[in-house]
Amino acid sequence: MEKNIVTQRLTIKLSEFEGPLDLLLHLIKKAELDIFDLPIAVITEQYLSFIQKQQSMQLDVASEYLVMAATLVQIKSSDLLPNDTIEVDDIEMDFLDPKETLMLQLLTYKQFQVASESLRERENTNQQSFSRLPALSPEFNQMAIKPLAPGLELIDLQVAFEHLLRKKRQQQPISRRVVSEKFTLTMAFDYIAQQLQGQPRGAIIAFDDLFENMADKEAMVMIFLALLEMAKETKISFHQADASADIFLEIETLSDDE
Numbered sequence: 121m122e123k124n125i126v127t128q129r130l131t132i133k134l135s136e137f138e139g140p141l142d143l144l145l146h147l148i149k150k151a152e153l154d155i156f157d158l159p160i161a162v163i164t165e166q167y168l169s170f171i172q173k174q175q176s177m178q179l180d181v182a183s184e185y186l187v188m189a190a191t192l193v194q195i196k197s198s199d200l201l202p203n204d205t206i207e208v209d210d211i212e213m214d215f216l217d218p219k220e221t222l223m224l225q226l227l228t229y230k231q232f233q234v235a236s237e238s239l240r241e242r243e244n245t246n247q248q249s250f251s252r253l254p255a256l257s258p259e260f261n262q263m264a265i266k267p268l269a270p271g272l273e274l275i276d277l278q279v280a281f282e283h284l285l286r287k288k289r290q291q292q293p294i295s296r297r298v299v300s301e302k303f304t305l306t307m308a309f310d311y312i313a314q315q316l317q318g319q320p321r322g323a324i325i326a327f328d329d330l331f332e333n334m335a336d337k338e339a340m341v342m343i344f345l346a347l348l349e350m351a352k353e354t355k356i357s358f359h360q361a362d363a364s365a366d367i368f369l370e371i372e373t374l375s376d377d378e
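All residue numbers for the sequence shown refer to the numbering used here, where the first residue is 121 and numbers rise by one.
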């Protein structure tokens, strides 16, 4: 009986989070860390400390958190290796670094959290504006955007974007940002507006073309997130002929007045 009480208490505590990404964002915010310059050793220690306090939780509830724990340990181990001991060949270049993948997932999840909170605020202000607020899925690849062509899912957009990052990595040496202006989401919206300036409603633009002149990974990530937000606001829609075809975006409306 005592064991059930303990398990229930721990499960309730875990239910405060919608998944491992939600927990990570909570720890990052609490420690005032920067996702773009995430100290893996610090966040891994905090995450593992949380998991250790939840040892009595049911295994099926904890499994996704344990998978993330293993991922963090792997990334931390890789970060401890000297750069000159890591061989980068054509095979390895075909994949995103695990730390970069985690960063992309965290940023995208955070963006959808912000969008979800905005929808809730608008619903409270005018309940007739939204008949039902869709629940935010705890997993990144299950998040949905309405303006997607049949058969096209958010994970397809992520894969296409990761492919772009791989190509950029192959085209130039990888370097860390030192001291520069942070590329914000507002700057990303401005950049997209400039790229689409003069294009009429219904115009079709290749997804890759919007990143043609971009070399900075942080800027590319913010532009990708801005595109997702524009899709949620039905300013653009995404299309793909089939699973192996290129992704295109169609301009629906670019201003609130249209």
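These aren't lab readings, by the way, just hints derived from the structure by calculation. Positions of the beta carbon are idealized from the N, C-alpha and C atoms, including for glycine. Take the hints with a grain of salt, since some may be wrong.
[Claimed, not checked] Only pairs whose alpha carbons sit at most 30 Å apart, straight line, appear in this in silico BS3-like list of lysine-lysine:
| # | residue 1 | residue 2 |
| --- | --- | --- |
| 1 | Lys352 | Lys149 |
| 2 | Lys337 | Lys352 |
| 3 | Lys352 | Lys230 |
[Said to hold, decoys possible] Label-pair restraints from in silico Cβ distances:
| # | residue 1 | residue 2 | range |
| --- | --- | --- | --- |
| 4 | Ser197 | Phe156 | 17 to 27 Å |
| 5 | Ser197 | Gln317 | 42 to 52 Å |
| 6 | Lys150 | Asp328 | 14 to 24 Å |
| 7 | Glu184 | Asp328 | 30 to 40 Å |
| 8 | Leu168 | Thr221 | 41 to 51 Å |
| 9 | Leu186 | Gly318 | 26 to 36 Å |
| 10 | Lys173 | Gly318 | 51 to 61 Å |
| 11 | Val193 | Pro320 | 50 to 60 Å |
| 12 | Lys173 | Arg286 | 12 to 22 Å |
| 13 | Lys302 | Glu372 | 48 to 58 Å |
Here is what the structure says about each hint:
1. Lys352 to Lys149: Distance ~25 Å between Lys352 and Lys149 Cα, so the pair holds.
2. Lys337 to Lys352: holds (23 Å)
3. Lys352 to Lys230: Given pair Lys352, Lys230 holds - Cα atoms ~14 Å apart, limit 30 Å.
4. Ser197 to Phe156: 17 to 27 Å: The hint (17 to 27 Å, Cβ to Cβ) holds, given that Ser197 and Phe156 are roughly 21 Å apart.
5. Ser197 to Gln317: 42 to 52 Å: Taking Cβ atoms as reference, Ser197 and Gln317 lie about 46 Å apart, which means the hint holds.
6. Lys150 to Asp328: 14 to 24 Å: violated (37 Å)
7. Glu184 to Asp328: 30 to 40 Å: holds (32 Å)
8. Leu168 to Thr221: 41 to 51 Å: Violated, since Leu168 and Thr221 (Cβ atoms, about 20 Å apart) do not stay within the stated range.
9. Leu186 to Gly318: 26 to 36 Å: 51 Å Cβ-Cβ, so the 26 to 36 Å window is violated.
10. Lys173 to Gly318: 51 to 61 Å: Taking Cβ atoms as reference, Lys173 and Gly318 lie about 56 Å apart, which means the hint holds.
11. Val193 to Pro320: 50 to 60 Å: Since Val193 and Pro320 have Cβ atoms about 51 Å apart, the given range 50 to 60 Å holds.
12. Lys173 to Arg286: 12 to 22 Å: violated (38 Å)
13. Lys302 to Glu372: 48 to 58 Å: violated (29 Å)
Hint violations for this structure: numbers 6, 8, 9, 12, 13, all remaining hints satisfied.
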